[in-house]
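Residue numbers (my numbering), protein chains in the order written: chain H, 8 to 391; chain G, 8 to 391; chain W, 8 to 391; chain Z, 8 to 391.
A couple of the hints might just be wrong.
It does not matter which identical chain is meant; a pair holds if it fits inside one copy or across any two.
Cross-link-like lysine to aspartate or glutamate pairs, in silico, EDC-like; alpha carbons within 20 Å at most [stated by the list, open to error]: (1) K342 with E116; (2) K85 with E75; (3) K342 with D161; (4) K342 with D70; (5) K342 with E89; (6) K85 with E344.
Quick caveat, the hints were computed from the structure, so don't treat them as lab data.
Since this is a predicted model, take the numbers as computed values, not measurements.
There are 4 protein chains.
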Amino acid sequence: MSMYTPHPENQFVFGLWTVGNPGRDTWGGATRGPLAPDEIVRRLGEIGAAGVCFHDNDLIPFDATPAEREEILRRFRKALDETGLRVTMATTNLAFHPAFKDGSFTANEPAVRRFAIAKAMRAIDLGAEVGAEIYVFWGGREGSETHASKPAPDALERYREALDFLCGYVMDHGYPMRFALEPKPNEPRGDLFLPTVGHALHFITRLQHPEMVGLNPEVAHETMTGLSFVHAVGQALWAEKLFHIDLNSQRIGRYDQDFRFGQEDLKETFFLVRALERAGYAGPKHFDAHPLRAEDAEGVWDFARGNIRTYLILREKARRFHEDAEIQAALAQAKVEEITVPTRPDGGLAGLRAQRPDPVALAQPGLGLERLDQLVNELLLGVR
Amino acid sequence: MSMYTPHPENQFVFGLWTVGNPGRDTWGGATRGPLAPDEIVRRLGEIGAAGVCFHDNDLIPFDATPAEREEILRRFRKALDETGLRVTMATTNLAFHPAFKDGSFTANEPAVRRFAIAKAMRAIDLGAEVGAEIYVFWGGREGSETHASKPAPDALERYREALDFLCGYVMDHGYPMRFALEPKPNEPRGDLFLPTVGHALHFITRLQHPEMVGLNPEVAHETMTGLSFVHAVGQALWAEKLFHIDLNSQRIGRYDQDFRFGQEDLKETFFLVRALERAGYAGPKHFDAHPLRAEDAEGVWDFARGNIRTYLILREKARRFHEDAEIQAALAQAKVEEITVPTRPDGGLAGLRAQRPDPVALAQPGLGLERLDQLVNELLLGVR
Amino acid sequence: MSMYTPHPENQFVFGLWTVGNPGRDTWGGATRGPLAPDEIVRRLGEIGAAGVCFHDNDLIPFDATPAEREEILRRFRKALDETGLRVTMATTNLAFHPAFKDGSFTANEPAVRRFAIAKAMRAIDLGAEVGAEIYVFWGGREGSETHASKPAPDALERYREALDFLCGYVMDHGYPMRFALEPKPNEPRGDLFLPTVGHALHFITRLQHPEMVGLNPEVAHETMTGLSFVHAVGQALWAEKLFHIDLNSQRIGRYDQDFRFGQEDLKETFFLVRALERAGYAGPKHFDAHPLRAEDAEGVWDFARGNIRTYLILREKARRFHEDAEIQAALAQAKVEEITVPTRPDGGLAGLRAQRPDPVALAQPGLGLERLDQLVNELLLGVR
Amino acid sequence: MSMYTPHPENQFVFGLWTVGNPGRDTWGGATRGPLAPDEIVRRLGEIGAAGVCFHDNDLIPFDATPAEREEILRRFRKALDETGLRVTMATTNLAFHPAFKDGSFTANEPAVRRFAIAKAMRAIDLGAEVGAEIYVFWGGREGSETHASKPAPDALERYREALDFLCGYVMDHGYPMRFALEPKPNEPRGDLFLPTVGHALHFITRLQHPEMVGLNPEVAHETMTGLSFVHAVGQALWAEKLFHIDLNSQRIGRYDQDFRFGQEDLKETFFLVRALERAGYAGPKHFDAHPLRAEDAEGVWDFARGNIRTYLILREKARRFHEDAEIQAALAQAKVEEITVPTRPDGGLAGLRAQRPDPVALAQPGLGLERLDQLVNELLLGVR
């Protein structure tokens with residue numbers, strides 16, 4: 008259906024590591040072969056993606072020689088040119104190497120922290136070289152399993168130092184690049200720092216250049232704790248800090264599943280799409296998911312298309328939500344519009360203190376939330 | 008043992024609703040009779056508490072006449088005078104009355120929001136009248152069960168408006184009072200706004216008077232989501248926003264249990280006490296817990312004493328932690344001190360970019376975290 | 008739409024306590040007035056319910072006199088007669104009274120256990136009197152907050168004794184009644200016995216009359232722990248122990264929400280409906296949910312109708328699932344039919360031991376689960 | 008301290024994959040080198056372990072030639088002889104190979120199921136050859152991410168077929184071997200079959216040879232869902248089905264952490280040790296944990312010793328629990344002994360029906376659970 012055909016302005020994006028994921032997990036070996044970066048770009052072009060993103064070592068292996076680096080980059084750029092895809096975001100892998108086993112920016116050992124910062128600097132250069140305007144930081148190893156080994160206030164201080172330093176680096180080089188922090192509560196470490204959107208939003212306010220740093224919230228990461236991702240994105244939008252977004256799905260209280268967008272919780276997914284569309288969010292929509300391990304090479308692209316289609320289907324539902332007269336009537340009964348109206352009465356503070364409205368009368372009207380929610384369900388189920 | 012006898016400077020405090028809890032729950036009726044506020048104060052004095060706190064309607068019933076209000080206050084003050092206890096904190100009950108069924112500061116209906124603000128103003132006056140220097144806001148009804156009924160950015164805007172307004176009210180009256188926000192992720196509503204310490208810390212940065220507002224984090228609330236409370240308190244301390252603290256215990260992923268301090272997770276509890284003591288936290292330590300439903304009137308006071316004893320026992324463990332040579336050796340192996348050392352090398356930014364340390368060498372040293380954590384366990388278990 | 012109009016054979020049922028719930032919770036007072044049992048029956052008749060169920064004290068207050076009991080019953084029966092509704096299930100409230108604060112069948116105090124059994128006997132008589140063929144046992148207070156107070160093996164032994172005793176009581180009286188156990192993991196107590204469908208299924212195998220006892224699984228209870236309710240019902244069906252079912256919804260890792268059927272997790276709800284329909288489950292479908300606290304008296308019936316409609320909509324989706332050619336093709340690629348084929352080869356055991364198939368070939372075929380799951384999503388979303 | 012020195016009769020056991028774990032995870036490479044099986048046996052001998060266990064491919068690589076197999080076995084046996092360690096348990100790796108990506112005994116493809124059974128037969132032979140009396144089945148891939156692909160009742164039927172078949176195989180060969188099922192709720196697959204101790208206990212009752220099959224519950228697996236492991240073990244003991252146990256630790260609602268025994272939740276760990284000791288559990292105590300990724304080769308053995316010490320320390324606490332007069336007095340107040348007394352009064356059924364005790368009197372006595380639990384805490388903390 009053409010209504011669900013992606014356009015470049017939809018900004019649908021995939022990381023090299025998402026469709027390129029070989030199906031390995033802690034208990035099992037790879038089920039799919041590797042895909043070269045340029046091959047991924049070409050396939051992404053075919054399914055209507057607007058861009059691609061990567062960790063430094065997704066594109067350039069950790070041990071690549073300068074010559075290998077140049078050859079990989081040449082091919083990668085050629086594929087970008089041919090397909091018209093852009094690099095929308097880049098990031099650094101600060102999780103894999105054993106050197107980071109105790110953290111990267113918050114490792115106890117200063118030499119490890121310096122190694123991490125240097126790796127990030129080189130990866131920022133690489134990102135800038137291919138036009139990435141967003142640089143993501145996910146602190147996969149920034150955490151601990153025993154509080155005895157890592158006092159949180161000190162670790163946060165080192166985290167801040169690293170980010171301030173790297174902001175300076177970007178500004179010194181005049182890169183047109185902003186940073187986006189990606190919170191996660193746990194896994195691979197017991198407890199991570201900046202575990203939720205809230206913690207990361209607060210952290211940003213304490214940086215030297217808060218205007219340069221925003222968020223890259225991820226459905227799966229926030230959902231692991233059972234927190235509402237829609238509320239999280241709401242707070243990020245309220246703070247004008249939604250710089251990038253990682254779309255996927257996840258069941259509460261489990262290992263990081265990185266399922267296809269919409270695989271879990273269609274309703275929260277719908278409200279997420281609605282929130283993004285209402286806010287006019289224009290940044291990349293990055294499907295940071297990976298195909299199930301039981302997929303073969305072709306299943307990968309069914310997976311990729313599924314992410315896109317689900318977004319577009321739900322976007323259309325969000326449009327209909329506003330046209331549906333019965334839903335609008337239910338919203339009116341629930342007085343949803345009135346939450347946008349300031350509370351302060353004309354008479355100001357003094358008058359309010361003395362006000363003694365009848366609480367019984369205030370308690371009377373039902374909000375009709377059951378009907379409203381049922382109408383949303385029926386809109387989602389396509390029966391209205 | 009005298010080592011575990013409370014002193015007033017420990018600032019151990021109980022809310023009227025904690026030891027006064029009658030044992031009612033959603034599925035069961037009260038198992039204990041009511042206790043008058045002045046009686047509670049006297050019993051708290053006997054067990055060594057330094058203070059007491061309350062919701063407006065814990066002290067003054069919702070429907071009390073002015074004369075009843077004065078008589079209750081007179082008796083309450085008399086008990087305070089006789090025992091030397093202080094009122095360390097006050098708060099408003101904005102959760103119980105049916106008028107607040109859709110929220111108080113974030114109700115869709117503006118008249119409800121005004122009613123909530125007016126109730127808070129009167130309760131602030133009451134708090135000021137009895138000397139409360141901390142005023143807590145817990146948004147028990149600020150949330151939703153269906154996102155259709157309450158857009159988060161708009162709700163946060165109303166929440167901010169209410170807090171800004173009430174900050175102004177306190178300043179206008181010259182009350183020596185600061186505010187402390189108490190985050191909670193869910194229950195009694197499906198998803199609450201300001202669900203964690205992180206979200207609340209960020210919210211504060213967007214108020215008109217951020218210096219006047221800090222946090223009242225609660226063990227149970229943060230733990231419900233599985234987030235580390237020690238990390239949460241760490242971030243609050245880092246931000247100098249720990250104005251008050253609610254001590255109790257909770258199992259992850261359950262209804263709000265409000266168990267006795269230390270009933271669950273002795274180790275996280277130990278690290279919490281250690282973090283508070285190291286930071287020199289001097290505010291009230293409020294045991295916001297309630298006795299199990301199976302307790303009778305006397306069991307309530309065993310409960311109350313248990314909270315205090317556990318804190319003091321763990322404080323003593325924290326002291327020994329720093330004197331134990333083997334623990335100190337393990338901390339040295341894990342390089343815990345070095346996390347306090349800035350990362351930046353003398354040569355500055357340019358030099359770091361070019362640094363190519365041997366990653367294999369950086370990956371080599373073991374941190375000895377198993378031994379360190381085992382030593383902590385053995386310290387806790389009293390076998391070292 | 009007539010496709011979604013309930014018929015008596017659908018066996019949609021509501022408990023008196025569901026639509027009769029006044030909106031009270033731990034933090035808030037009632038938001039709706041009480042409804043008399045006969046009034047509830049009449050309203051249920053209007054919305055197409057086939058039956059009603061109750062706890063003893065939903066119908067007959069704890070302190071009712073014999074005369075009051077008879078008058079209530081007379082009116083209740085009259086309403087049943089007029090509407091054609093049946094009493095499909097009855098149960099005993101063994102949770103509310105303070106006497107049960109330490110348990111009912113597993114209270115440490117033998118006199119409490121005897122009181123509980125006697126109350127259950129009288130309630131069974133009441134159920135039999137009004138034609139209930141299913142009697143449910145939910146052990147709301149059978150659990151503990153500290154393992155020191157209640158050894159699990161002993162408590163299970165007492166639980167078994169009570170059930171065996173009551174089975175005998177029913178048989179002695181020749182009541183045409185079967186028992187259904189309702190598992191729950193926690194709340195109102197810290198840890199409940201028989202926490203999941205699995206534990207309860209096993210418990211039944213150790214009773215004197217296992218054939219007389221089955222399950223009443225509840226969506227919300229199983230989902231609290233994050234376990235799949237569809238798998239739970241699958242195991243109950245496999246064991247031929249699905250005697251009754253409590254339909255509602257719930258978010259993982261939270262307080263017991265008892266939301267409207269389908270309010271949370273439309274997909275798991277769909278697979279549940281599909282499993283029930285495929286298995287030809289013919290017992291009552293009991294919507295053990297309650298309206299949100301923000302509803303008024305009329306919203307209650309929107310709530311009630313929503314439960315029914317969602318079931319019927321999803322039942323129709325389940326029918327289409329089997330007619331959709333593309334879904335059927337995807338099921339064939341995933342070899343779903345073949346899971347019904349016995350594994351054992353003709354040659355028997357000895358031959359299998361020696362078999363050395365090529366594991367690489369076995370690993371090759373992709374199962375196409377991403378496409379299959381996406382097709383399910385699109386069926387649910389009404390775009391195919 | 009000699010009180011905490013292990014003896015062979017303690018039956019402390021480690022799997023080859025536990026101390027041999029190289030520190031790899033989904034986001035990171037190995038941090039430690041490989042250890043040969045015979046080397047592991049020798050090191051285990053030094054720290055006081057009584058035995059060792061393995062998956063087939065921990066000992067014999069998947070692609071080993073017969074000659075390599077014999078050489079590995081020769082060395083392994085030599086190490087066993089020299090140290091006196093026994094092989095206490097063996098199991099099959101049915102999770103790693105890509106052929107099992109859709110399951111092993113419950114794969115949709117019958118040829119995969121046959122491959123899995125044949126692999127299990129050969130691994131059972133290997134186990135029997137080295138004297139393993141317990142054979143464990145963990146269904147790591149028996150599950151699904153979309154219910155569309157795997158109906159639970161059919162999958163359970165295939166699971167049962169495999170177990171019945173393999174029971175027959177063991178009996179046919181006269182191996183002195185029993186089976187133990189290891190439940191797990193999720194990870195690596197979305198939802199696993201036999202997710203908890205309860206589900207597995209029930210499954211066993213439906214096998215052809217239930218007497219031959221018991222459980223291998225694991226702390227981490229049960230705890231992931233938030234269920235009480237102490238209750239789970241209690242139900243297994245009640246059913247006389249605790250054949251083996253996997254000791255480690257885990258935080259609720261997270262990825263499978265396999266932490267050192269006692270690293271998390273000292274209190275639940277204490278009650279577990281107490282339950283095992285009271286029941287006279289004499290089977291292997293298998294520490295199915297792995298060292299933190301930040302450990303080096305030596306840290307592995309600190310880790311191993313920590314598991315053992317914690318068990319012995321808690322066993323000593325359990326002994327003191329029974330000698331502590333104040334704890335015994337608190338147990339008496341809570342009437343804990345009386346839960347072991349049958350409920351049935353002498354007069355039998357008829358008398359009970361008519362009993363009308365005063366419920367208010369029954370509700371009166373407090374159980375003193377706060378004091379009891381606090382005494383347990385203080386016993387654990389070594390201050391009594």
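Results for each hint:
1. With identical chains, the CA atoms of K342 and E116 are at most 20 Å apart between copies only, with a shortest distance of 6 Å across copies and 56 Å within one.
2. When the C-alpha separation of K85 and E75 is checked against a cutoff of 20 Å, the pair qualifies only within one copy, where the shortest distance is 15 Å, while the shortest distance between copies is 49 Å.
3. Taking identical chains as interchangeable, the C-alpha atoms of K342 and D161 lie at most 20 Å apart only when they sit on different chains, with a minimum of 13 Å there against 46 Å within one chain.
4. Taking CA atoms no more than 20 Å apart as the test, K342 paired with D70 passes in neither setting, with 60 Å inside one copy and 28 Å between copies.
5. Taking the shortest Cα distances, K342 and E89 never come within 20 Å of each other, neither inside one copy (51 Å) nor across copies (39 Å).
6. For the homomeric pair K85 and E344, neither the shortest alpha-carbon distance inside one copy (50 Å) nor that between copies (46 Å) is at most 20 Å.
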